[in-house]
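> What follows is each chain in one-letter form.
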Amino acid sequence: MSGLTLSPTVSRPARQAAGGALVTMAWRNLWRVPRRTWLTAGGVAFAVLLVVFMRSYQIGALDTMVEVGTEQLTGHAQVQHPDYLDDPRMRNTVEGLAAVTETLAGHPGVRAVAPRGMAFALVSTGSGERSFGGQVAGIDPAVEFATLGGRALPGGRPVERAGEGVMGSILARNLGVPVGGDFIVLGTGKEGGVAAMVLTLVGLVESGNPDLDRGFLMVHFDDFAEAFGLTDEAHAIAVLTRDPRGAREFAADIGTMVAAPGGNAAVRPWQELLPELEQTVVAEIGGSALFAVFLVVIVTFVVVNTFVMTVFERTAEFGMLKAIGMAPAAIFRMVQLEALWMSLLGVALGLLLSLAIVAALAIEGIPMSAFGDFDDMLARFFMPDVLTPVFDLAGALVMTAIMLVAVQVAAAIPARRIWRLNAIEALRAEE
Amino acid sequence: MKLRLLVQLGWRNLWRHKRRNGILLGGITFAVASVVLANSFIRGMQVQMADNAVDLMNGHVKILAPGYLDDPGIAQSFEVAQDWQPDALDGITPDMVAGWASRVRVPAVIMSERETRGIQLVGIDPASENISFVGKLAVEGEGLADAADRRVIVGAGLAEQIETLVGRRIVLITQGADGRNREAGYRVAGIYRTDSSSLEKIFVFTGRDTVQNLLETNVVTELSVRVTEERFGPPLLQRLANVFSGLDVMTWQELDPTAAAMTAIIDVAILVYFFIMMGALSFGLVNSLVTAVMERTREMGMMRAIGMRPRSVLLQVVLESTLIMGAGIAGGVLLGVLVYLPIADGVDLAAFDEALSTFGLSNVLVPQLIAQDVILVVVLSLILGFVASASPAVRCMKMGPLEAMRR
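Chains A and B are the protein sequences, given in the same order. First residue of the first sequence? That's 1 in the working numbering, and the numbers climb one at a time after it. First residue of the second sequence? That's 1001 in the working numbering, and the numbers climb one at a time after it.
It is possible that some hints are incorrect.
[Unchecked claim] Here are some, though not all, of the chain A residues that point toward chain B, as calculated from beta-carbon distances under 8 Å: (1) Arg36; (2) Asp87; (3) Arg130; (4) Gly133; (5) Ile170; (6) Arg173; (7) Ile184; (8) Leu186; (9) Phe294; (10) Leu295; (11) Val297; (12) Val299; (13) Phe301; (14) Val308; (15) Thr315.
[Said to hold, decoys possible] Per label pair, the in silico range of CB-to-CB distance: (16) Gly286(A) <-> Met1294(B): 36 to 46 Å; (17) Arg1311(B) <-> Ala360(A): 39 to 49 Å; (18) Ala162(A) <-> Ala1177(B): 33 to 43 Å.
None of these hints come from the bench; they were simulated from the model. Given the structure is predicted, the values throughout are model-derived calculations rather than measurements. The beta-carbon is built from N, C-alpha and C at its ideal position, and this holds for glycine as well.
With the sequences and hints as input, model every part of the structure.
So, in structure tokens, the structure goes:
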């Protein structure tokens, strides 16, 4: 008799042994009604699977969006004139281009540095017929990484040397200029003079975004600087880093470095250059968090429901345990352990399933064409053609913790009753 | 056995386990309410996306000259009679058409004393622009008076860039159909603001006749027609295609495929969301129903022994499931509507300005509670309750009375 008593006077080892027995008892209790256990664990697994899979898919998508947006367009950060972001005009340039470039290139976190000049200009073929407005980017092909997220059309090549230009496919069609033909760029230089260039079209780019394809061209930075009157200066110095997530810290870090040689310069991380991209990332993560909260609450209802049934069905049993001297705290602990086993089972099942699905999808990637014909939409949102989900370990751990806590709380709600239970009355209770 | 009796039995059975069924009811209520609310938000986004696409001077149907989309200039244009009316068309009645507007939209360069920018110059008749965002602009200064107004209104973003103010003069340069540049000076009548900062930098408005005079022509580049309800779009498209043969007659979906694709995705998203939330709930539902059947095995056996038909036993389990589901759905819809009412006017999402405008959305999201969506949720939930009760009900029907009573 004394061996079964769990009064506070019992020695520590004996209580530990009883604790171990509780764990085993809880596990066995679970399998007294296997269907119920599976259904409840299934609910937990369902929530874990959906949340972890959705997060994995989303992280894959968002990472790629940021990667495409930054690596093919803005870079992870840009050194600009402090006013250029709000007011992108010709005279807002970063001075000391050579010195800033050298400083940046010496930074261990920097992968690439590319100077860019930007101007609005009129493009024509010279035969005097039509001219079209367009955004001209001066780039240095030796170091440039931007591809505009577009596909180079066959038959052309990128700008390689001075005197060459590449333009959007619709612009070239409107101008009627073939690859190999000449065109003229006319604009206003930095000091207000006429900026003129005669260039040979060497390639076409098609991004799928009509605004871009209708009014964008790239020329050699040297031609650009000469025509628009830039000396050792640029409108932006784009930087690729080794860690896109740390762009803000990186910008703050190099901010002091470039301020010295260049004088008037600000470093903008991609979050400031592409605010819509960052907001999309924040909004998507916020949306999925809200979704996860709803799902967890519903599953918690399911678990409370299960434990109400469990606790009430076993009134007589608990009464008996009390009568033979088991402390209410120990019975409560046993029920909570049952909940723990059950949630571990569900979480493990959910994680395994989501891992399997993510792994299977990651091999081939998810072709976006499977969702319909969204070519130009993908181009606009910096989306690639194939999406590769990335298993979200951090999200999986957080979800596991949330689920374990939620199930403990859910089980505790009905299990409080154990304290109020009168052993005699409980034993009399109907089976 | 009479259905009324069965319903009564089912109802009383539910009350035998107040706590358990109360919690199940809470779960159903929460799930239904969350689905109803989420639907209203998703639907709100969809309506707004479509509305904005139509509002962006597309109309539901737009007529353009062939080639205009590639090369949006005055060379790609057409003539419209001054008194042209779409509701005079065969089969189109005035109540189907919300309005129409013809415009001259050409690329142009705007110059202030300080700066030069590339813009889209749009010549409008302000009286007919109630069909687009142009009619709803908040203008500081004055708006345009009529189609012959010789002043311009510019966006706040552009005004800041070119450093101009109300009352100042600007110069517009644009190209005629002959390829020759025309330029003229105009006074700024007003400065407009929109929800989207990018729009403000693109569009400059003036009177339609003014642009036609500048370009020495009487043609327009586009004609938009807005219908009162989306379903009137296709018949109108059909008629217009006949009348304007040789021109491109396009729907807003063709003009803005991104917005069209997004609105199409949303129809699916609503269903996906429902099945996920109610799927999670169904684990609890099945669990409760199975338990309710199992613990009453003896009771059911006895009912069978005293003459209750297997079909009635089955019906009773299904009824119990339907009753609790029905109560939960009613509560959930009620809760959803209660939460919806105070936010029905819209939720301010200014923090996501740029991302929203990328998706064609405004800062204020107005949720849309549509009866059709609520009905869909109710019907699908009832079907789900029905399906969830199938396995326990069949199990209990299969059991013979003697066997059941012996347990």
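> Against each hint, give a clear statement of whether it holds in the structure.
Now for the hints, and whether the structure bears them out:
no.	hint	in the structure
1	Arg36	holds, 6 Å
2	Asp87	holds, 7 Å
3	Arg130	holds, 5 Å
4	Gly133	holds, 4 Å
5	Ile170	holds, 5 Å
6	Arg173	holds, 6 Å
7	Ile184	violated, 14 Å
8	Leu186	violated, 11 Å
9	Phe294	holds, 5 Å
10	Leu295	holds, 6 Å
11	Val297	holds, 6 Å
12	Val299	holds, 5 Å
13	Phe301	holds, 3 Å
14	Val308	holds, 5 Å
15	Thr315	violated, 12 Å
16	Gly286(A) <-> Met1294(B): 36 to 46 Å	holds, 43 Å
17	Arg1311(B) <-> Ala360(A): 39 to 49 Å	holds, 45 Å
18	Ala162(A) <-> Ala1177(B): 33 to 43 Å	holds, 36 Å
Violation of the numbered hints given earlier is confined to hints 7, 8 and 15; the remaining hints are satisfied by the structure.
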